[in-house]
Amino acid sequence: MMTDTIEFFKRYTRQSRSPWADVSRVVMMFQPESKQGIYLHLGESGINGVSLSKDLQSRLPKALQSQYIEASDIEVILHVFETEISEYCNDNVSTKAFKRIFLVDQQGFFSDACKAVWKKSYQQFLASLRAFRILCQPKFQIKK
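The numbering of the sequence shown is our numbering, which starts it at 5 and goes up by one.
If you are wondering where the hints come from, they were derived from the structure by calculation, not from laboratory data.
It should be emphasised that the depicted structure is a prediction, and the values quoted were computed from it without experimental measurement.
It cannot be assumed that every hint is accurate.
What the hints assert, rightly or not - Capping the alpha-carbon separation at 30 Å, the derived lysine-lysine pairs in DSSO-like fashion look like this:
#1 K39 x K66
#2 K66 x K119
#3 K123 x K14
#4 K66 x K123
#5 K58 x K123
#6 K103 x K14
#7 K124 x K103
#8 K58 x K39
#9 K66 x K124
#10 K124 x K58
#11 K39 x K119
#12 K100 x K14
#13 K100 x K119
#14 K66 x K100
As the list claims (entries may be wrong) - Each pair of labels, with its calculated beta carbon distance range:
#15 S98 x V121: 21 to 27 Å
#16 A25 x S115: 27 to 33 Å
#17 T17 x E86: 29 to 35 Å
#18 P65 x K119: 16 to 22 Å
Yeah, the Cβ is synthetic: ideal placement off N, Cα and C, and Gly gets one too.
Using the sequences and the hints, build the whole thing.
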(Lines of atoms letter the chains of each structure in order from A and count residues from 1; the text may use other names and numbers.)
(Lines give C-alpha, C1' and ligand atoms only; values in the text may rest on other atoms or scores of the structure.)
Protein backbone atom coordinates (compact mmCIF):
# COMPACT_ATOMS: atom_id res chain seq x y z
CA MET A 1 0.00 0.00 0.00
CA MET A 2 1.36 3.42 -0.99
CA THR A 3 1.57 6.10 1.67
CA ASP A 4 0.33 9.67 1.43
CA THR A 5 3.26 11.03 3.43
CA ILE A 6 6.95 11.30 2.72
CA GLU A 7 9.93 12.23 4.89
CA PHE A 8 11.08 15.83 4.35
CA PHE A 9 14.75 14.82 4.77
CA LYS A 10 16.04 11.35 4.09
CA ARG A 11 19.60 10.07 4.38
CA TYR A 12 20.11 7.25 1.91
CA THR A 13 20.97 3.76 3.07
CA ARG A 14 21.57 2.63 -0.52
CA GLN A 15 22.83 4.31 -3.68
CA SER A 16 20.61 6.99 -5.21
CA ARG A 17 19.22 6.53 -8.72
CA SER A 18 20.21 10.10 -9.58
CA PRO A 19 23.29 10.83 -11.71
CA TRP A 20 25.02 12.40 -8.69
CA ALA A 21 26.82 11.01 -5.67
CA ASP A 22 23.90 11.77 -3.34
CA VAL A 23 23.91 11.00 0.34
CA SER A 24 20.43 12.38 1.02
CA ARG A 25 17.42 14.16 -0.42
CA VAL A 26 14.97 16.84 0.66
CA VAL A 27 11.34 16.91 -0.49
CA MET A 28 10.56 20.40 -1.77
CA MET A 29 7.07 19.46 -2.98
CA PHE A 30 5.03 16.27 -3.00
CA GLN A 31 1.48 15.64 -4.25
CA PRO A 32 0.17 12.46 -2.58
CA GLU A 33 -2.69 12.01 -5.06
CA SER A 34 -0.44 11.90 -8.13
CA LYS A 35 2.85 11.00 -6.39
CA GLN A 36 4.45 13.92 -8.28
CA GLY A 37 7.31 15.67 -6.53
CA ILE A 38 10.33 17.94 -6.57
CA TYR A 39 13.41 16.73 -4.71
CA LEU A 40 16.64 18.44 -3.74
CA HIS A 41 19.62 16.05 -3.95
CA LEU A 42 22.44 16.56 -1.46
CA GLY A 43 26.00 15.26 -1.61
CA GLU A 44 28.86 15.35 0.86
CA SER A 45 29.65 18.99 0.03
CA GLY A 46 26.23 20.51 -0.65
CA ILE A 47 23.51 20.60 -3.27
CA ASN A 48 24.04 18.33 -6.28
CA GLY A 49 20.85 19.22 -8.11
CA VAL A 50 17.11 18.78 -8.21
CA SER A 51 14.83 16.14 -9.69
CA LEU A 52 11.26 16.50 -10.89
CA SER A 53 8.55 14.00 -11.63
CA LYS A 54 7.72 13.59 -15.31
CA ASP A 55 4.43 15.52 -15.34
CA LEU A 56 6.07 18.58 -13.77
CA GLN A 57 8.90 18.78 -16.32
CA SER A 58 6.62 20.18 -19.05
CA ARG A 59 6.20 23.42 -17.09
CA LEU A 60 9.90 24.22 -17.42
CA PRO A 61 11.62 25.99 -20.32
CA LYS A 62 12.39 23.36 -22.99
CA ALA A 63 16.13 23.53 -22.27
CA LEU A 64 15.47 22.31 -18.71
CA GLN A 65 12.82 19.67 -19.39
CA SER A 66 14.60 16.77 -17.76
CA GLN A 67 14.19 14.62 -14.68
CA TYR A 68 17.51 15.79 -13.26
CA ILE A 69 18.58 19.44 -13.23
CA GLU A 70 21.96 20.76 -12.11
CA ALA A 71 22.26 22.90 -8.97
CA SER A 72 23.20 25.95 -11.06
CA ASP A 73 19.59 26.14 -12.30
CA ILE A 74 17.85 25.62 -8.98
CA GLU A 75 16.56 29.20 -8.77
CA VAL A 76 14.72 28.67 -12.07
CA ILE A 77 12.96 25.67 -10.52
CA LEU A 78 12.15 27.66 -7.38
CA HIS A 79 10.61 30.43 -9.48
CA VAL A 80 8.53 28.17 -11.74
CA PHE A 81 7.18 26.09 -8.84
CA GLU A 82 7.24 28.85 -6.21
CA THR A 83 3.57 28.50 -5.19
CA GLU A 84 3.54 24.70 -4.97
CA ILE A 85 6.85 24.50 -3.10
CA SER A 86 5.86 27.26 -0.68
CA GLU A 87 2.46 25.72 0.04
CA TYR A 88 3.95 22.26 0.56
CA CYS A 89 6.74 23.46 2.84
CA ASN A 90 4.44 25.70 4.88
CA ASP A 91 1.68 23.09 5.25
CA ASN A 92 3.71 19.89 5.64
CA VAL A 93 7.16 20.70 7.06
CA SER A 94 7.83 21.79 10.63
CA THR A 95 9.75 25.01 11.11
CA LYS A 96 12.43 23.09 13.04
CA ALA A 97 12.97 20.58 10.21
CA PHE A 98 13.00 23.32 7.57
CA LYS A 99 15.55 25.43 9.49
CA ARG A 100 17.78 22.40 10.00
CA ILE A 101 18.22 22.20 6.20
CA PHE A 102 17.90 25.82 5.02
CA LEU A 103 19.07 27.73 8.15
CA VAL A 104 16.01 30.02 7.96
CA ASP A 105 12.33 29.36 8.47
CA GLN A 106 9.78 29.16 5.67
CA GLN A 107 8.87 32.84 6.00
CA GLY A 108 12.48 33.86 5.36
CA PHE A 109 13.07 31.34 2.59
CA PHE A 110 9.90 32.32 0.72
CA SER A 111 10.28 36.06 1.35
CA ASP A 112 9.62 38.61 -1.38
CA ALA A 113 13.37 39.27 -1.58
CA CYS A 114 14.11 35.59 -2.29
CA LYS A 115 11.29 35.37 -4.80
CA ALA A 116 12.70 38.42 -6.60
CA VAL A 117 16.10 36.69 -6.87
CA TRP A 118 14.45 33.54 -8.27
CA LYS A 119 12.48 35.58 -10.79
CA LYS A 120 15.62 37.43 -11.90
CA SER A 121 17.47 34.12 -12.36
CA TYR A 122 14.56 32.80 -14.42
CA GLN A 123 14.54 35.90 -16.62
CA GLN A 124 18.33 35.69 -17.06
CA PHE A 125 18.03 32.03 -18.00
CA LEU A 126 15.44 32.85 -20.67
CA ALA A 127 17.55 35.77 -21.93
CA SER A 128 20.60 33.51 -22.24
CA LEU A 129 18.55 31.06 -24.32
CA ARG A 130 17.42 33.87 -26.63
CA ALA A 131 20.99 35.14 -26.97
CA PHE A 132 22.22 31.63 -27.76
CA ARG A 133 19.56 31.20 -30.46
CA ILE A 134 20.53 34.53 -32.03
CA LEU A 135 24.22 33.55 -32.04
CA CYS A 136 23.40 30.23 -33.67
CA GLN A 137 21.32 31.71 -36.49
CA PRO A 138 23.05 32.01 -39.87
CA LYS A 139 24.29 35.55 -40.51
CA PHE A 140 23.38 35.47 -44.17
CA GLN A 141 21.66 33.27 -46.69
CA ILE A 142 23.07 32.27 -50.04
CA LYS A 143 20.63 32.92 -52.88
CA LYS A 144 20.44 30.37 -55.63
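Checked hints:
1. K39 x K66: OK: K39 and K66 at ~23 Å, within 30 Å.
2. K66 x K119: holds (22 Å)
3. K123 x K14: holds (29 Å)
4. K66 x K123: At roughly 17 Å apart (the allowed maximum being 30 Å), K123 and K66 satisfy the hint.
5. K58 x K123: holds (23 Å)
6. K103 x K14: Distance of about 15 Å is within 30 Å: holds.
7. K124 x K103: holds (25 Å)
8. K58 x K39: holds (10 Å)
9. K66 x K124: Answer holds: K66 to K124 is near 18 Å, not above 30 Å.
10. K124 x K58: holds (25 Å)
11. K39 x K119: holds (26 Å)
12. K100 x K14: It holds: about 15 Å lies between the C-alpha atoms, which stays within 30 Å.
13. K100 x K119: holds (22 Å)
14. K66 x K100: violated (36 Å)
15. S98 x V121: 21 to 27 Å: About 25 Å separates the Cβ atoms of S98 and V121, which means 21 to 27 Å holds.
16. A25 x S115: 27 to 33 Å: Holds: the Cβ-Cβ distance is about 32 Å, inside 27 to 33 Å.
17. T17 x E86: 29 to 35 Å: holds (32 Å)
18. P65 x K119: 16 to 22 Å: Between P65 and K119, where Cβ atoms are some 18 Å apart, the hint holds.
Of the numbered hints stated above, the single one contradicted by the structure is hint 14.
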